[in-house]
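Trainee: The chain contents come next:
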Amino acid sequence: MIEIKFCGRGGQGAVIASQILAKVFFLMGKYPQCFSVFGGERRGAPVASFLRVDNKKIYLKCEIRRPDHLIYMAPDLVDEQEIESILKPDGLILINNALTSGEYVRLRKFRLALIDALSVSEEAGLGSTINTAILGAYAKASGEISLDYLEQAIRETVPAKIEANVTAALHAFDVTHVMEGVN
Amino acid sequence: MKTLLQGNYAVAEAVRLARVQLVAAYPITPQTPIYEKLSDMENEGILPGVMMRTESEHSAMAACIAASLTGVRTFTATASQGLALMHEMLHFASGNRVPIVMCNVNRVVAVPWAFGSDQSDSLSQRDTGWLQFYCEDAQEALDTVIQAYRIAEQALLPVMVAIDGFFTSHFIEPIEIPDQASVDAFLPAFSIPTRFNEADPAYIANVVNPEQYMGYRQKSFEDMENTRPLIKEANEEYQRIIGRGYEAVESVNTDDADIVLVTSGAMTSTARVTIQSLREKGVKAGLLKMKLLRPFPTREVQEILKNTRKIAVLDRNISLGKGGIWCQELKAALYPLENRPIITGYIAGICGADVSPDMIEDMVVKALERERSDDLPIWVRRDQ
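If you read the protein sequences in the order shown, they are chains A and B.
Taking the working numbering, the leading residue of the first sequence gets 89, the next gets one more, and so forth.
Taking the working numbering, the leading residue of the second sequence gets 33, the next gets one more, and so forth.
Hints listed in this document are in silico derivations from the structure and should not be mistaken for laboratory results.
Virtual Cβ for every residue (Gly too), placed ideally from N, Cα, C.
It cannot be assumed that every hint is accurate.
To spell it out: a stretch of chain A is covered by chain B in this simulated footprint if at least three of its residues, at any positions, have a beta carbon under 8 Å from a beta carbon of chain B; those stretches are [what the hints assert, rightly or not]:
| # | region |
| --- | --- |
| 1 | 111–124 |
| 2 | 144–154 |
Listed next, the in silico DSS-like pairs over lysine-lysine satisfying Cα-Cα at most 27 Å (straight line) [unchecked claim]:
| # | chain 1 | residue 1 | chain 2 | residue 2 |
| --- | --- | --- | --- | --- |
| 3 | A | 145 | B | 313 |
| 4 | B | 316 | B | 398 |
| 5 | A | 228 | A | 249 |
| 6 | A | 197 | A | 176 |
| 7 | A | 118 | A | 228 |
| 8 | A | 176 | A | 144 |
| 9 | A | 144 | B | 34 |
| 10 | B | 316 | A | 145 |
| 11 | B | 264 | B | 338 |
| 12 | A | 176 | B | 313 |
| 13 | B | 363 | B | 338 |
| 14 | B | 363 | B | 264 |
| 15 | B | 338 | B | 398 |
| 16 | B | 264 | B | 251 |
| 17 | A | 145 | A | 176 |
| 18 | B | 34 | A | 145 |
| 19 | A | 144 | B | 316 |
| 20 | B | 338 | B | 316 |
| 21 | A | 118 | A | 176 |
| 22 | A | 144 | B | 313 |
| 23 | B | 398 | B | 354 |
| 24 | B | 34 | A | 118 |
Computed spacing ranges between beta-carbons, pair by pair [claimed, not checked]:
| # | chain 1 | residue 1 | chain 2 | residue 2 | range |
| --- | --- | --- | --- | --- | --- |
| 25 | A | 210 | B | 220 | 56 to 64 Å |
| 26 | A | 190 | B | 212 | 56 to 64 Å |
| 27 | A | 243 | B | 288 | 46 to 54 Å |
| 28 | B | 88 | A | 244 | 36 to 44 Å |
| 29 | A | 243 | B | 401 | 54 to 62 Å |
| 30 | B | 85 | A | 243 | 30 to 38 Å |
| 31 | A | 207 | B | 212 | 42 to 50 Å |
| 32 | B | 287 | A | 251 | 57 to 65 Å |
| 33 | B | 248 | A | 174 | 53 to 61 Å |
| 34 | B | 144 | A | 174 | 24 to 32 Å |
| 35 | B | 216 | A | 251 | 35 to 43 Å |
| 36 | B | 141 | A | 178 | 37 to 45 Å |
| 37 | A | 251 | B | 212 | 32 to 40 Å |
| 38 | B | 82 | A | 251 | 35 to 43 Å |
The whole structure should be built from the sequences, with the hints applied where relevant.
Mentor: Here it is, written out as structure tokens:
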């Protein structure tokens, strides 16, 4: 089982990103379980969305406290000390940030991926909607999903600007910078 | 067809498949997506019935009662304060013997205000004369709503299907949606007595004397008792036609168990993981899932637990001044046993607070060490 946590701010599309990723895993024949922290939705506030995926039915109906993969759509939410305490040792962190890994010294022991999702999305004509770019980056960083299924899930889920979203995901895959963990 | 759905949408699919003719409802978190999905279906022309957007839950239930008396299949959904506001009409529904089906999405009752799951809203409607089912997940919710119509219409009693707010209502998971032909084969076309004539409307709730009133109550009580075989038969028939089923009481590894954990609702799924892991560690633990609250499955739990020495009951609800409500119900059911078990009551997960497998494991292990039953429950909170 893989447990994934998306961290973003209201309006960035973290919830939709997790739902599209759930769809990708579903299309791959896996069992996804997707949920969001619920109750205080508002634009700009921190938002967390969660995804478990396994090859068989998932019975857990509880929080994800030790994720395998952490995805930061909002880089200002990155708290290196917190990540060190919650991420599993062989975990992955994906951050929407153009900065180099030099900025994340304490996270270098983990697999770390960086994507300038905002540039990719703006270039594709999506403005600041970065969820499909993040998913393209996740495909590259995690190696867990194929681009074919990601494209299919985007086409079946996204309500508008479908081609631009597919372009953003594919472009993000190409330009994501992945660094293996250093022990 | 298998698809990815949140539990609220799964309930809406069940309402569509049951060919419900009138939905009367008012939105409330976390039930609102049921209302929204049914509205979408009506807009798309795929809802066989009509939506009635009432000004309150009290009115929604009144509308369902009146419509049902004209011979129409009805549905409503609510949660928390909405169910509390319906309370008076819940008695009218069971007293008028209308087969309404309602989905209640369990949510804490104010104050203070919050959104998380807590069964206290529906459990506090225990004595309104409705059948009550508690579902573990979205698939069971879909299947139970369809089963509920068959039971309600045979018994002429209303049925409440409760699901956990958030864990069941909002978690998105793969759901199998049965095809219309299979549901039609399971659920006969709606045919109940028409007791309210639109052309000649009249108030049908008479004033009666004490002997008559008591006669009505006794008859209702007996008819509620008589739903037991109907519930069993509906499940067997559903299993035969659709291929899935759910016992009123489900036991897992209880035969040789030194301790049995009793749960209901969504926490049951997490408990399944714990029980399996305890077995792998050599602890002989079993699980009893309570689905049916009314009529209470007394004989079933007596039969399953008659040789069990220790029991832990996990309640996501609280009756102030007593304890967990499932625990009290279970204690009453087991009192006639020759060898009464030692029962430990736990209160956990109130307001959707996290209940993880390790927390459940700790509860089971501690309950196994206890040598006497205690009347007071043990509160389990992660941060204490």
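Trainee: Look at each hint and say if it fits the structure.
Mentor: We went through each hint and held it up to the structure:
{"no.": "1", "hint": "111–124", "in the structure": "holds (count 8)"}
{"no.": "2", "hint": "144–154", "in the structure": "holds (count 7)"}
{"no.": "3", "hint": "145/A to 313/B", "in the structure": "holds, 22 Å"}
{"no.": "4", "hint": "316/B to 398/B", "in the structure": "holds, 14 Å"}
{"no.": "5", "hint": "228/A to 249/A", "in the structure": "holds, 23 Å"}
{"no.": "6", "hint": "197/A to 176/A", "in the structure": "holds, 11 Å"}
{"no.": "7", "hint": "118/A to 228/A", "in the structure": "holds, 19 Å"}
{"no.": "8", "hint": "176/A to 144/A", "in the structure": "holds, 21 Å"}
{"no.": "9", "hint": "144/A to 34/B", "in the structure": "holds, 15 Å"}
{"no.": "10", "hint": "316/B to 145/A", "in the structure": "holds, 24 Å"}
{"no.": "11", "hint": "264/B to 338/B", "in the structure": "holds, 21 Å"}
{"no.": "12", "hint": "176/A to 313/B", "in the structure": "holds, 24 Å"}
{"no.": "13", "hint": "363/B to 338/B", "in the structure": "holds, 12 Å"}
{"no.": "14", "hint": "363/B to 264/B", "in the structure": "holds, 24 Å"}
{"no.": "15", "hint": "338/B to 398/B", "in the structure": "holds, 21 Å"}
{"no.": "16", "hint": "264/B to 251/B", "in the structure": "holds, 21 Å"}
{"no.": "17", "hint": "145/A to 176/A", "in the structure": "holds, 22 Å"}
{"no.": "18", "hint": "34/B to 145/A", "in the structure": "holds, 13 Å"}
{"no.": "19", "hint": "144/A to 316/B", "in the structure": "holds, 25 Å"}
{"no.": "20", "hint": "338/B to 316/B", "in the structure": "holds, 16 Å"}
{"no.": "21", "hint": "118/A to 176/A", "in the structure": "holds, 22 Å"}
{"no.": "22", "hint": "144/A to 313/B", "in the structure": "holds, 22 Å"}
{"no.": "23", "hint": "398/B to 354/B", "in the structure": "holds, 21 Å"}
{"no.": "24", "hint": "34/B to 118/A", "in the structure": "holds, 12 Å"}
{"no.": "25", "hint": "210/A to 220/B: 56 to 64 Å", "in the structure": "holds, 58 Å"}
{"no.": "26", "hint": "190/A to 212/B: 56 to 64 Å", "in the structure": "holds, 60 Å"}
{"no.": "27", "hint": "243/A to 288/B: 46 to 54 Å", "in the structure": "holds, 52 Å"}
{"no.": "28", "hint": "88/B to 244/A: 36 to 44 Å", "in the structure": "holds, 38 Å"}
{"no.": "29", "hint": "243/A to 401/B: 54 to 62 Å", "in the structure": "holds, 56 Å"}
{"no.": "30", "hint": "85/B to 243/A: 30 to 38 Å", "in the structure": "holds, 34 Å"}
{"no.": "31", "hint": "207/A to 212/B: 42 to 50 Å", "in the structure": "holds, 49 Å"}
{"no.": "32", "hint": "287/B to 251/A: 57 to 65 Å", "in the structure": "holds, 59 Å"}
{"no.": "33", "hint": "248/B to 174/A: 53 to 61 Å", "in the structure": "holds, 59 Å"}
{"no.": "34", "hint": "144/B to 174/A: 24 to 32 Å", "in the structure": "holds, 28 Å"}
{"no.": "35", "hint": "216/B to 251/A: 35 to 43 Å", "in the structure": "holds, 41 Å"}
{"no.": "36", "hint": "141/B to 178/A: 37 to 45 Å", "in the structure": "holds, 44 Å"}
{"no.": "37", "hint": "251/A to 212/B: 32 to 40 Å", "in the structure": "holds, 35 Å"}
{"no.": "38", "hint": "82/B to 251/A: 35 to 43 Å", "in the structure": "holds, 39 Å"}
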